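Protein chains in written order, with numbering that gives the first Met the number 0: chain A, 0 to 174; chain B, 0 to 174.
FYI, nobody ran anything at the bench for these hints, they're computed from the structure. For clarity, every value in this text was computed on a predicted model and none was experimentally measured. Using N, Cα and C, we set each Cβ at its ideal position, and we do this for glycine too. Please note: incorrect hints may appear among the correct ones.
[What the hints assert, rightly or not] One-sided and incomplete, this derived list gives chain A residues near chain B with beta-carbon spacing under 7 Å:
#: 1; residue: 12
#: 2; residue: 90
#: 3; residue: 135
#: 4; residue: 147
#: 5; residue: 151
#: 6; residue: 152
#: 7; residue: 160
#: 8; residue: 169
2 protein chains.
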Amino acid sequence: MKASVYIGTSLDGFIAREDGDIAWLTSFADENAIQAYDDFIEGIDSIIIGRGTFETVLTFPDWPYQKPVFVLSGSLTHLPDKLGAHATLISLKPAETLTYLSDLGYRSAYVDGGQVIQSFLDQDLIDDLTIATIPVLLGSGIPLFGRLSRDLNFTHLRTNSFPNGLVRSYYRRLK
Amino acid sequence: MKASVYIGTSLDGFIAREDGDIAWLTSFADENAIQAYDDFIEGIDSIIIGRGTFETVLTFPDWPYQKPVFVLSGSLTHLPDKLGAHATLISLKPAETLTYLSDLGYRSAYVDGGQVIQSFLDQDLIDDLTIATIPVLLGSGIPLFGRLSRDLNFTHLRTNSFPNGLVRSYYRRLK
């Protein structure tokens with residue numbers, strides 16, 4: 000079971016402003032960025048998000064995920080009926096979550112959302128890390144990374160930069 | 000008067016561990032990195048550091064800077080005699096410092112050290128920002144960036160990546 004992070008951050012490492020605003024990020028979502036995201040999504044077969052990300056995407060006009068979503072939450076008791084088979088609520092720890100998805104036949108998970116990414120990294124459960132850096136300093140916001148119980152070294156696979164200033168680097172965990 | 004930052008950080012934005020350790024960074028200082036640094040230094044004619052960085056470089060076996068250094072400090076009263084003309088103590092605010100150096104005939108300053116970089120960025124006094132990213136997550140340490148009173152947008156000039164995994168991006172402040 001492979002777990003991947005694919006995310007955009009400001010130059011100073013924030014994935015959203017403190018109020019959740021990501022307009023500074025979405026303004027960089029041009030054709031190149033959409034194509035790269037679609038290529039990434041094609042390579043995964045499940046998506047793991049936390050309650051915070053789930054509640055954010057519920058405010059979007061359309062459900063944004065194209066693969067089965069698993070919502071990790073210890074506090075939610077059910078998901079809105081309208082989501083149907085799009086999303087499943089589970090209450091498991093990071094390693095248990097990957098085992099559970101593997102037992103269901105999934106091979107690769109896209110781990111999305113600040114808190115969930117940090118908890119998976121702290122358990123050293125992330126294999127691939129793709130970071131798109133937006134050329135802006137925000138000064139404050141919701142940080143991508145958090146405290147870790149040990150260093151995590153990565154191999155740099157490649158970096159692509161684009162005319163709008165977005166720089167995307169692909170890393171793989173070096174174990 | 001142009002002010003430039005040229006610095007290495009971990010993937011999670013730290014320039015040193017909490018105890019000041021930078022072995023994780025210096026292990027990436029290969030020929031490519033030294034050449035790029037030398038090229039950068041050739042383009043500047045003065046260096047501004049704070050007390051923290053000054054006290055750190057005093058512990059190095061050799062004085063590491065090849066251009067005149069100005070140590071910004073409100074608490075130091077004098078610098079060790081052995082430094083001679085290598086370093087000058089000044090007690091000025093960021094904007095005043097640049098004016099002072101400009102009046103002395105300098106054209107471009109290398110702004111180095113976490114606290115000083117943050118104070119110059121918060122005053123929007125940095126023109127060029129070059130960041131070398133090391134492929135490691137440390138989880139904690141001394142952060143490169145701090146709070147800002149406003150967003151700072153940059154133009155991405157170029158990014159170079161190297162076989163050891165270092166990725167260096169060159170940015171210019173977009174005003």
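Tested hints:
Given the 7 Å rule on beta carbons, the hint for residue 12 (chain A) holds: about 5 Å separates it from the nearest Cβ of chain B. For residue 90 (chain A), the interface hint is violated, since its Cβ never comes within 7 Å of a Cβ in chain B; the closest pair sits about 26 Å apart. Contact between residue 135 (chain A) and chain B, as hinted, is supported at the beta carbon level, the nearest pair being about 5 Å apart and thus within 7 Å. Taken as an interface hint, residue 147 (chain A) checks out: its beta carbon lies about 3 Å from the nearest beta carbon of chain B, inside 7 Å.
Because the beta carbon of residue 151 (chain A) sits about 4 Å from the nearest beta carbon in chain B, less than 7 Å, this interface hint is met. Given the 7 Å rule on beta carbons, the hint for residue 152 (chain A) holds: about 5 Å separates it from the nearest Cβ of chain B. A cut of 7 Å between beta carbons decides the hint on residue 160 (chain A): the least distance to chain B is about 5 Å, and the hint holds. With its C-beta approaching chain B no nearer than about 10 Å, residue 169 (chain A) sits outside the 7 Å limit, and its interface hint is violated.
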